[in-house]
Amino acid sequence: MTTLMEIRHVTKRYGGGRLSGEGMTALSNLSMTIDADRPSITAVVGESGSGKTTLARILLGLTPPTEGEVLYRGQDLTSLSGEQRRNFRREVQAVFQDPYEVYNPFYRVDHVLNTPVNRFKLAASRAEGRELIANSLRAVGLRPEEILGRFPHQLSGGQRQRIMVARAVLMRPRLIVADEPVSMVDASLRATILGSLRKLTDEMGISIIYITHDLATAYQVSDNILVMYRACVAEAGAVERVVKDPRHPYTRLLISSIPKVSTTRDWLADEGDETIRPIPGRDGCRFVERCPVAMARCATAIPPLYRTEDHRATACFQFDTSPELAAAEMGQVLVGATAS
Amino acid sequence: MTTDGMNTGDMNTGGMNTGAILRVERLRVGFDHPLGVVQAVDDVSFTLLANERLGLAGESGSGKSTMALAILRMIKPPGRIQGGAVYLDRTELSSLDQEAIRRVRLAGIALVPQGSMNSLNPVMRIRAQIADALADHRVVLSKAELATRVADLLRRVGLRAEVADLYPHELSGGMKQRACIAIAICLSPQVIIADEPTSALDVVVQRQVMETLARVQRDLGAAVILVGHDMGLMAQFVDRLGVMYAGRLVEIAPIGEIITRPRHPYTQMLISSLPSLEARGTMHGIPGLAPLLRDLPPGCAFHPRCPRADARCRTEKPAVRDLAPGQQVACHHA
Ligand SMILES: Nc1ncnc2c1ncn2[C@@H]1O[C@H](COP(=O)(O)OP(=O)(O)OP(=O)(O)O)[C@@H](O)[C@H]1O
Ligand SMILES: Nc1ncnc2c1ncn2[C@@H]1O[C@H](COP(=O)(O)OP(=O)(O)OP(=O)(O)O)[C@@H](O)[C@H]1O
Ligand SMILES: [Mg+2]
Ligand SMILES: [Mg+2]
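Chains as they are written, first to last, in the numbering used here: chain A, 121 to 460; chain B, 7 to 340.
The reader is advised that the hints may include incorrect statements.
Unchecked claim - Facing chain B, according to a computed beta carbon distance under 10 Å, are these residues of chain A, among others: (1) Q279; (2) S303; (3) L335.
To be verified - Estimated spans, in silico, between C-beta atoms of each pair: (4) B:T154 - A:T123: 55 to 63 Å; (5) A:S377 - B:R108: 53 to 61 Å; (6) B:S148 - A:E444: 32 to 40 Å; (7) A:L191 - B:H339: 54 to 62 Å; (8) B:A153 - A:S377: 30 to 38 Å; (9) B:D245 - A:D440: 44 to 52 Å.
Hints in this document: simulated from the structure, not taken from any laboratory. Even for Gly, the Cβ is constructed at its ideal location relative to N, Cα and C.
Looking at chain B on its own, in the form it has when it is part of the complex (with noise of 0.2 Å):
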């Protein structure tokens, strides 16, 4: 395990793996492109603790999905992962074999991708495609064990048995949100990666959705990244939040800090372009476009669109420093 890259962007909680079960490390990723190189993950380095709740929110584009198959290793070309490191407990996953790898998927960190539940296949049943999750991961069953495996699944996330029988057409949006968690949990993951799993659900069934993710991580003892833009159900929810802009992660605290004290001039314009429900018009973005991924601005990325920008924020892109144990930001001024 390395333990360099203390000082050169390391995310890491400080402290050595003690508690750790995810280290994300110095991770990059790009798509190869005629004009160039599109920088989605550049240098993200992270630790994820032991039935931790993780948020990553940012700019949309910012890499947040592309880093999320990265640690899977499911970025397909012309994406390549350039460089870096993921250490799911103690094992690096590059050094495994394709083998190896499809064990960890689902088994060691298991992802509800961005749009899941309207990629369920449509004339499938529910319990055709939970077998199929488990067959993929060549779990044998008899039809007796696989009907009690999947009323188990579909019980732990609050769906009825008899929703195996039917098609996703026939499922509300929260019910397809929870088959696509089921799947998920098939074989009792100790990382849940959620890619926006409630942007589609009105509000009272998103919070059952999340209810139901809660109790499940509890029932596994797992760890969660959940991804997403939105920050009511970042506060309501996560532990930590780390903040993406650019491909780079710029700013992750503890949460209630990044609420009350958020330290990236990002971040800190993110959060007041929250809309109210106080008092109408006063809704406001942050003047700009998103930088040209393939094409950063040189010094930070940010600096275009940074009330706080100088000279040095022009020339030197700025490193990712420690504030706090589990609290690092990467900008001259913070």
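Okay, chain A solo, but in the shape it has when bound (with noise of 0.2 Å):
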């Protein structure tokens, strides 16, 4: 087994927060592996702020973790030779959440796709590198006539997504970290897209981390799903175990708020009125003040992961008679994609 990037015991705290006064956790002591030798899409998925963008920018090498230790084929990110800093940047290519911020408002969007062309000469001729841009353009369903020449303020919200995921496409990358690449496309779209990553899985070899807040998508293209909530992992596993049986309260949470394409209508309370919940201690489990099955401890110790299952690991004391998982575990439990 190669390991292409692993990651060992990271948090990640920013400083002082108004809300949160003593700075806030946006990661905390996250372990996964992601093996060269096994390709697999797996999702990301959790709540809104429990750092699933933050994961993605350590993996990419663009936020330094707090603690713990960023690795890409076994050397630590921050003593890469200039070499292998620069086939880290081949090798891993991000699509980022929001589009908005990637692109220079004074520059046409072709210039995001003929930089990296350039840059690692992924062409040998300006009329192979022509080629290539529209071909991974056209991968994504996007028509090179319509959108070359254009400034990213001319293109739709799910227009400009898309430039950024085929810019990662072209680059025939080891992994792609892809932070919510499809959030403003329509069904359709997002199908066929997703469809051409999971298509650079199955032939290519490339591993995907796919953070989204649409369960049914990960659900149809991912192996692995990680479940994210407040800087932990709640749950973990081979995706069909993890959503069609799911363990920890969040998940169960999460899952069953999903709104169904249903002339029931039963998704909306009759009173919206949100309660304001206090910033939970860090004492405990950090889902307690919400969860229907918290037990006294639950308050007052962190529940680890347990290894449920030989594909799952949830964190949460109602599993406590499973074994721990071990940091170095975490690869084990993610399945491959010939895995079933």
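Hints given; two lone chains; assemble the complex.
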């Protein structure tokens, strides 16, 4: 087994905020492994603000962790040689959540596609470069003749998002970290784009971290899922198990909150009065004050991840008869694309 | 008020303006492009009833956001409104001068723009951003009045008063989105247009934000246009749904009808492309690409991708037909 990327006991804290007082933990003690030999798609879902983008930025080397290590091919990101860093930049690609931020408003969108072609010498000639770009645009359902030559504000939200996916595809990387790559496109296009990402995994061995709020597409396209709640992994494992039979009370809440395409309207409560929840103490489970099955110990101790099945781990004391998951074992819990 | 157009593309509910708060008539918006005009909104008409929740869905790039901006006359060059009318109550908006249209924005129709939670000013506290919106509309308040007003607005969207003192980066996505709704409703509008307000939020928070929007709507007695791609959200929230394809409103119907009996082949294929939580590997998109808006295919713009297309579809643009009150479709076969 060759490990492409590994993060061990990674914690990220940001300096003091007004609501939280003494700084806030965006990511807490997270470990995971991305195996180069077993390409897979791992969905990362969970609460808004739970640390998903922070995890993406850490994997991409854009944000240094406060604690813990980030390894690329066994080497800490902080100690890569120039050559290794260059490979890392090529092999690990990002598709960002907010496409507005990435574009320079003064450059035509061609710029974001031409730059990597030139920088990484992806094409032997200009014509070949143009062809490469055109093909990757078509792969995400865009017409090159419609898109090229435009400025970012001249495109719809979904068009901007898709250009970012096209850019990542263009690079033929080993890992794509995609942060809400299709949140602004319609269902049909989501299916098309995610289908082409799935093909990248199956045919070209590219692993994908797919961060999303869309649980149905996560279920459709991924092999694994990581459910995050307030900086921690609540549950992780094979997507089929976790979605069909969620164990963590937060995963259950999340799955039961999906609005259904149905004529039965039971999603909205009559009274939309949302009570503002206190920020939980750091001593207990972060889900404790919303948890329907909380026990006394949940308020005083943080539950570790328990390996409840071969391909599932759940951070809840209900499962404390199962063995605790060691950091290095997260890679075993997550399945490869060919496993079922 | 015009009464023509009933057979020529009017998505009116059939009746006159009884109960209608907003009427869009034959609206056309284009963007000038060196190679031709990008027809982003093509002859769109519909009526929004008082207190109604209307959804707008459809292909990415089909003109939903452009239409939202056009209703508020916020289209900037190279875009231009080429024709049509928008009535708020009885006022035709294109007849208004700059000052009057400013008053309509926020006080008459409020827009929560696409991606607005990411376009809050990062160096301004929430209080100042609300104050700015008010000042924009010449609402002058004393410091104490402002504090009360801001606290009240925040409370209405389910945020604590202290949030006023925070900067955007100190808020979670759901809190930012609610702050944007608070700004949008600061002058008690009659119509709220929310462009993808929850696509960046988890479903639990999504539900809270939509409950907030529902409550605010009820408090104000406003009507809502919800633009978005989440059919589950539409099914659970809106009364009627309009479906856009290539700048046209190809179908509009009560939401239950759209889900159970979509009439337009595009709507049918859109609904059947929805991912299921039942069986994996069943997701598939509509084959083919969206058409080039500056060079639409002749006839029905959907015909190159439509399984039911025939000779007529390739030559004759289908007119919008009434099927029932509040329900229209533009397809030769529906
Ligand atoms: N640069 C920063 N400074 C301070 N706090 C930050 C910063 N970046 C993120 N945070 C905080 O860290 C937490 C995690 O944020 P993150 O963006 O990773 O969440 P997320 O899971 O991606 O949320 P969403 O689903 O809304 O995109 C949030 O509470 C956020 O406010
Ligand atoms: N300034 C502009 N110049 C040229 N074309 C533009 C401009 N602004 C928008 N367009 C085009 O108009 C069409 C409609 O865009 P709009 O943003 O209204 O789509 P949308 O339906 O909201 O899409 P999405 O669901 O992706 O947000 C798109 O094809 C877009 O490329
Ligand atoms: Mg994020
Ligand atoms: Mg839009």
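Unsatisfied constraints (hint numbers, rising):
5 and 6
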